[in-house]
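Q: Residue strings, one per chain:
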Amino acid sequence: MHHNEPLNDRNVSEQSPYFYVDIEAYPTTNWDKFKQVVKRTFNGELFVGLWVVMREMIKFDIHTVQYPKEKLPIGPRYRAVHKLLRLWESGYERCIGCGLCEKICISDCIRMETKIDENSRKEVTEYSINLGRCIFCGYCAEVCPELAIVHGQRYENGSEQRAHFVIKDDMLTPLDWLTSGQQEEFPGFGAITPNESVTKTPLAY
Amino acid sequence: MDMAFIIETIVKIVVILLVFSALAGLGTYFERKVLAFMQRRLGPMHVGPFGLLQVAADGVKLFTKEDIIPQNVVKPIFKIAPVITAATAFMAAAAIPFWPEFSVFGYKVHPIVADVNIGILYVLGVMAIGLYGPLLGGMASANKFSLISAARSAAVFISYEVISGLSLLAPLMMVGSLSLIDINNYQAGGIGNWIVWSQPVAFILFWIAAFAETGRTPFHLIANDHEIIDGFGTEYSGMRWGLFFIGEYANMFFISFVIAIIFLGGFGDGSIAGAFQLLLKVSFFFFFFLWTRAAWPDVRPDQLMWLCWKVLMPLAVVNVVITGLVMMF
Amino acid sequence: MNEITITIDGKEVRTQEGEFILNAARSNGIFVPAICYLTRCSPTLACRICLVEADGKQVYACNAKAKQGMNITTTTPTIETEKRAIMEVYDVNHPLECGVCDQSGECELQNYTLEVGVDKQTYSIADTHKPAQDWGLIHYDPALCIMCERCITVCKDMIGDAALSTVARGGENIEAAFKESMPKDAYAMWNKLNKSLIAPNAGDTLDCTNCGECTAVCPVGALVSSDYQYTSNAWEHQQIPATCAHCSAGCQISYDIKHTDIANSEAKIYRVKNEWNYVSLCGAGRYGYDFENKNVTKDPEAFDAALRAFKNADTIAFTSTITNEEAMILQRLKEKFGYKLINDEARVFKNFLSNYSTITGESLYHGSLKEVHEADFVVSIGTALKTDNPNARFAMNNALSMNKGAGLYFHPINDPVIADMSKNVTQMNHAPLMEEAALYLILDLFGDKSALPATMTDYLATFHSTKTVTVEETVDEKVTETVVKKGLNEETGVEEEVSEQVTKIVKKKVSKEIEVDENALLELLNAPKGFKETLTKYLAKKSTFALMVGPDLYTHPNAANCARLVGLIEKYTAFSVTMIPNLANTLGVALICDLDETAGAFTIGYNTAGNFTLSALGGGDLDMPALNQQEGTLVSIDKRVNPTNAALPYSGYELNDIASALGMSTSLAVDYTSQLPLSAGFKAVEFDTLPNYYTNAGEEVRGYLLESQHCSVSGDESVQPFSQENTLSGEVVYLANPVLQFSPFTAASHQLQEEGGLYGSTTFMSTHGLSEGDRVRVKTTHGERVLPILHDLKIAGDIPYLPTFDSKINSSALFGDYRFVSVSIQKV
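Going down the list, the sequences are from chains S, E and G. For the first sequence, this note's numbering begins at 1 and goes up steadily by one. For the second sequence, this note's numbering begins at 206 and goes up steadily by one. For the third sequence, this note's numbering begins at 535 and goes up steadily by one.
Treat the hints with care, since some could be wrong.
[What the hints assert, rightly or not] No farther apart than 27 Å at their CA atoms in a straight line, the calculated lysine-lysine pairs in the DSS-like style are these: (1) G:Lys-792 x S:Lys-168; (2) G:Lys-1075 x S:Lys-115; (3) G:Lys-1313 x S:Lys-115; (4) E:Lys-486 x S:Lys-35; (5) S:Lys-115 x G:Lys-904; (6) S:Lys-103 x G:Lys-1075; (7) S:Lys-69 x E:Lys-266; (8) S:Lys-115 x G:Lys-828; (9) G:Lys-1071 x S:Lys-115; (10) E:Lys-266 x S:Lys-33; (11) S:Lys-168 x G:Lys-1361; (12) G:Lys-807 x G:Lys-792; (13) S:Lys-39 x E:Lys-515; (14) S:Lys-103 x S:Lys-168; (15) G:Lys-664 x S:Lys-103; (16) E:Lys-280 x E:Lys-270; (17) S:Lys-35 x G:Lys-802; (18) S:Lys-59 x E:Lys-515.
[Claimed, not checked] Label-pair distances were calculated between CB atoms; the ranges are: (19) S:Val-21 x G:Phe-565: 56 to 66 Å; (20) S:Lys-71 x E:Lys-349: 36 to 46 Å; (21) E:Val-220 x S:Val-21: 24 to 34 Å; (22) E:Phe-489 x S:Lys-33: 29 to 39 Å; (23) S:Val-37 x E:Met-379: 26 to 36 Å; (24) G:Phe-565 x S:Glu-160: 48 to 58 Å; (25) S:Pro-73 x E:Phe-489: 38 to 48 Å; (26) S:Val-37 x E:Phe-489: 50 to 60 Å; (27) E:Val-252 x S:Gly-158: 19 to 29 Å; (28) G:Asn-735 x S:Arg-77: 17 to 27 Å; (29) S:Arg-77 x E:Val-252: 51 to 61 Å.
[As the list claims (entries may be wrong)] One-sided and incomplete, this derived list gives chain E residues near chain S with beta-carbon spacing under 8 Å: (30) Met-243; (31) Arg-246; (32) Pro-249; (33) Met-250; (34) Phe-310; (35) Tyr-312; (36) Ala-499.
By construction, these hints were calculated from the structure, which means they are not laboratory data. Here a beta-carbon is modelled for each residue, glycine too, at the ideal position from N, C-alpha and C.
So that you can see chain S by itself, here it is in the shape it has in the complex (with noise of 0.2 Å):
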């Protein structure tokens, strides 16, 4: 007699690593329920969890990762704090401040300053993101036509105030990095797939 599940269509298959569990049904008898308590008592159920414990205490096979000096590695599509990236080739900003991160930040965290500059360009004077409200869901990086606010790797925000932001100062590539070749394309949200036509800047295409 078998437990019937509310639930039938569980994507369960020949092929698949699910099966259902077989769940006996409630004893009803008096006769019923001593024969279970005598099966469970004498069935050694209780020594076979001592066992497994006991087992993997001897085989020591630990898996903590002692966090602050050790640190798993992170996938690259991981979405930690932002950062903002330059051309490759010009070295400029690729930020045009067109506020579509502004706009789509479901927890309206972004916050940015333009002004027209003295080449007629709008420029971006300021820019931040409030990390106590942003819920890293990556929309502001696809959303940016510009590839350039992008999900970096530091994930370590702890702070001493609920408050806490990053400016543009803090996220925007230093030329020197630049140089030396120390940005790196996202390859997360709203990137492209490098190919032949795209050389160094993926905007170049």
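Start from chain S and add chains E and G according to the hints.
A: Coordinates of chains E and G only, in the frame set by chain S:
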């Protein structure tokens, strides 16, 4: 009573208090380590080498934390309850022989505070009084979870007192004395003389009852974290909570001694080897408390009661009757 | 106009006969795309995207008029193809800089490109370099321009500056192959677009009154505000619906606010927007928005000092740049504590209104700017129209250009802006104090002589005499000839040679002796020669008459007489009279407050000088909120009670706090909105229920209209004759503001900061041998000032003026009651 006896007793009391308080602390360290290893973790690692000084850090924390007395509690009872738990645990230790007699500079030391002729009765009795700690603490806390815990502790302790008492009756009938030293000496002939061979059912029953009386997994119902927070300890903080903790761990050690002495030959013939064998046996039982915690789930309160009154109590009675019949004929 | 029924996409729609199909559709919620059309202006047919099918024929909805029973379909496969091709053409070479463009998010090119679903480009042409141009307050980027010509249209038909026109674009011609392959209208549109660009008439920069309406109507980012450029994006703004606080037009505006910067979340106004289809703003309204009282905190000591001052004071002097609610508070304070209320400018207006009422029996004048818009004959007397109320000027211009109207402008100072509106407008630059003659002239020319009181007809007859003169008359003669000319084929958009028969009218001059009636009033008012004939021409086919009178009359020494004359005009002519209140809420203050003539010993000044000053301009003894920092209502020239909202935070004390501390328990100033005096025509309506918007049909749903109250009339309609000898001797100076300025509040905003001086025309400067920057001593009987000379290109004649916006000059102290005063001007 001469002065030497009084001084010796006081020294013994102080030593037992210090040693077992420290052991309770170390017990927490071992528990965390053992559980961690069994779960493929590392446990405490950062305070001292291998995290050894974690105990000290916890101690400092417990001693320096604010002692919060919530507004609506029954204050005198709330304050005294943890003391009852710790005190009864240590008082019970008075009749336990921790070690065979030995001589220091010709002075013969009995490592037992009081070798009373009703030793085991005293131990069980005083341990039973320990019930008042969780019961009063839980009832005085003005907290519904603490109250549930108090009710559970009363039910569990009283029920399993019956099991521990009845299961011990059969070995005591064989030994004919309530003194733990007499019980130990009864098995002094070596492994073959251990009561566990003649009274296996009593051994199992007492061992199970020991889990209930110390409130350890799988009978960890009176402070079952996922249901009732920390039970009777919910409203406590700082060292008052620490006293409950020390009481629990001291009880674990003392009940391990009692099992080892009654069923597994204790310190045997009193030789050094026997003495260390006792420590090994005690260590095993203590370790077993931790081992089960890593391996087994908790049972429900109703299952616990069912087990007590419908399974264990009849078995114990049958065991006493059979033992009596065997001794008569 | 008859109401008719037409069918649009199967929906029965009621509209006026002769209404454009586009407007009929819009007012009934049916979407017809249109880029170049502006409501209230003439159709340009530049975009051609409003194509619809009317009774089976393809027409442009913006210039096809609705007829009874017309059946209109807005989409057919042909129209869809045309629209698609038109939008593709607009996208040809349009820079892909939406990311930085100011218009992005509210761009009609973006919207219609998406609406039509342009996903590929079929057309192409070589691009040319078109550098951006800086026109001062306005920035023009020809690369973004789609040549819808809305800027040109609004400037000509609405504003009246006609400062923009098209110039040749240069560059390549469209590939011939496209002519065959493209839909016809799209090709014609492209052909036109490819030939022209927008340019100021004055060459490199704009010669206009800087209203900035061209930037408001621009569908793309080609014309933008230089100050706003690249500072923000349209979608970031919260729009606060408000009423412009600068003049009595009471235009509906929205203050677009956003946080100040990344570190400061406090709101800041970035720009002002308007519903440009239904209301046009002047430059002061558009650029003078940040006049708020900045960095004010609650200063309890100053507040206590204010309370002490109120205990000591017996007079409160104030200006009319306050809300009705504040005026109500002042009136209540007067009732409770007996303060005298001093506001000369509102008092003379109030007196003028009440004298007017003694003739008409109505507490309020009859007209409104809406009626001026709809009129075809507009007269303005006693007001420097373009600076006293720019919207009145727009209304007059709109009436002249859209209704084929004509107009008369009576003012001592010649105004080239008025002259440029239309060739059918005549300026009469009479001497100061001659305003009564102008009113008599209107009565004489337009009055119903049979109904006018006999004393009046007799008096008017004294100005007439008969004279025989020899006149040269021109006679028209028709001559027909054949000419070959090049013409642009409208349908194909190609230039082709056409022979046609042209009938020319050749004028011949004939001399004749005739008897003429001579009107001495015309002479007195310096009417141009031949005015009588001009007027006859003007009055052909005219049916709707509007008269605007202004502050010169209210301050006139014979103001009471002027008011009664205006009343007579209202009663006995076809003119609908509109009075231009002096300041933002002069009408409201005049209706709410009982005003006194003379001040007492201790005066509290609110936004004006006093022994203790409350000031929204900063620098007073106690700070007050400016009109963009408080909510309340303002009464406009249209007699409408308009709500305005606080766009910016204000954390200091306001007038209501003082009133509360003095024992008038009201928690909010707007609680007084429903208590405004019903006897003056206000309604008991809560502030929060007042709407402030326009419907798609252009209906103004804002606040409520004041109800004119009936007054008892004595039946005495006598007026005094005016004295021709009564003139100001020597040179005179006028009290007015330059374009873009109204009050110290406009001058406080960062785009309009300016130092005042003595403003003179080119003529004035050359006759006095002055050049810009010279300093002169201006001396009147009331005092003297040493001021710089400033050149105003937008006036003519030799009367200079002094501004009121610069509180450092305190010009009004140099004047008596009247707006003109005799003056001596010496170079220093």
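Q: Next, verify each hint and record whether it holds.
A: Hint check:
1. Between the alpha carbons of G:Lys-792 and S:Lys-168 the distance comes to roughly 20 Å, so the proposed pair stays at or under 27 Å and holds.
2. Proximity of G:Lys-1075 to S:Lys-115 is assessed by CA-CA distance (about 54 Å); at most 27 Å being required, the pair is judged violated.
3. For the proposed pair G:Lys-1313 and S:Lys-115, the alpha carbon gap of about 46 Å is over 27 Å, so the pair is violated.
4. With a C-alpha separation of about 35 Å, the suggested pairing of E:Lys-486 with S:Lys-35 is violated against the 27 Å cut-off.
5. With a C-alpha separation of about 40 Å, the suggested pair S:Lys-115 and G:Lys-904 falls outside the 27 Å cut-off, and the hint is violated.
6. With a C-alpha separation of about 56 Å, the suggested pairing of S:Lys-103 with G:Lys-1075 is violated against the 27 Å cut-off.
7. For the given pair, S:Lys-69 sits about 25 Å from E:Lys-266 by alpha-carbon distance, which is consistent with the 27 Å threshold.
8. As the CA atoms of S:Lys-115 and G:Lys-828 are separated by approximately 23 Å, the hinted pair is consistent with the 27 Å bound.
9. In summary, the hint linking G:Lys-1071 to S:Lys-115 is not supported, as the alpha carbons are separated by about 54 Å, beyond the 27 Å threshold.
10. Note on E:Lys-266 and S:Lys-33: the hinted pairing is violated, with a Cα-Cα distance of about 49 Å set against a maximum of 27 Å.
11. Of the supplied pair hints, the one linking S:Lys-168 and G:Lys-1361 is violated, its CA atoms being roughly 56 Å apart against a limit of 27 Å.
12. For the suggested pair G:Lys-807 and G:Lys-792, the alpha carbons sit about 14 Å apart, so the restraint of at most 27 Å is met.
13. For the given pair, S:Lys-39 sits about 17 Å from E:Lys-515 by alpha-carbon distance, which is consistent with the 27 Å threshold.
14. Of the pairs offered as hints, the one joining S:Lys-103 and S:Lys-168 holds, with about 18 Å between alpha carbons and a cut-off of 27 Å not exceeded.
15. Of the supplied pair hints, the one linking G:Lys-664 and S:Lys-103 is violated, its CA atoms being roughly 31 Å apart against a limit of 27 Å.
16. At most 27 Å may separate the alpha-carbon atoms for a hinted pair to count; E:Lys-280 and E:Lys-270 meet this at roughly 19 Å.
17. Using a Cα cut-off of 27 Å, the hinted pair S:Lys-35 and G:Lys-802 is violated, with the two alpha carbons roughly 79 Å apart.
18. Among the hinted pairs, S:Lys-59 with E:Lys-515 is inconsistent with the structure: their alpha-carbon atoms are about 40 Å apart, more than 27 Å.
19. The given range of 56 to 66 Å is respected by S:Val-21 and G:Phe-565, whose C-beta atoms sit roughly 60 Å from each other.
20. Checking the proposed 36 to 46 Å range against S:Lys-71 and E:Lys-349 shows it holds: the Cβ atoms sit about 44 Å from each other.
21. In this structure, E:Val-220 and S:Val-21 break the distance hint of 24 to 34 Å, their C-beta atoms being roughly 54 Å apart.
22. At roughly 34 Å, the beta carbons of E:Phe-489 and S:Lys-33 sit within the given window of 29 to 39 Å.
23. At about 30 Å, the beta-carbon gap between S:Val-37 and E:Met-379 stays in the expected band of 26 to 36 Å.
24. At roughly 55 Å, the beta carbons of G:Phe-565 and S:Glu-160 sit within the given window of 48 to 58 Å.
25. Separated by about 43 Å at the C-beta atoms, S:Pro-73 and E:Phe-489 satisfy the suggested range of 38 to 48 Å.
26. Take S:Val-37 and E:Phe-489: their Cβ atoms lie about 28 Å apart, and the range 50 to 60 Å is violated.
27. At about 21 Å, the CB distance of E:Val-252 to S:Gly-158 agrees with the hint of 19 to 29 Å.
28. Evaluation of the 17 to 27 Å hint for G:Asn-735 and S:Arg-77 yields a failure: the beta carbon distance comes to about 58 Å.
29. Taken as a hint, the range 51 to 61 Å is violated for the pair S:Arg-77 and E:Val-252, whose Cβ atoms sit roughly 38 Å apart.
30. Interface restraint check: E:Met-243 against chain S, minimum CB-CB distance 4 Å, threshold 8 Å, status holds.
31. Of the supplied interface hints, the one on E:Arg-246 holds, with its beta-carbon coming within about 5 Å of a beta-carbon of chain S, less than 8 Å.
32. Of the supplied interface hints, the one on E:Pro-249 is violated, with its beta-carbon coming no nearer than about 11 Å to a beta-carbon of chain S, more than 8 Å.
33. At about 7 Å, the closest approach between the beta carbon of E:Met-250 and any beta carbon in chain S falls short of 8 Å, and the interface hint on this residue holds.
34. Proximity of E:Phe-310 to chain S is violated relative to the hint, the smallest CB-CB distance being about 43 Å (cut-off 8 Å).
35. With a least beta-carbon distance of about 43 Å to chain S, the hint placing E:Tyr-312 at the interface is violated under the 8 Å criterion.
36. Interface restraint check: E:Ala-499 against chain S, minimum CB-CB distance 4 Å, threshold 8 Å, status holds.
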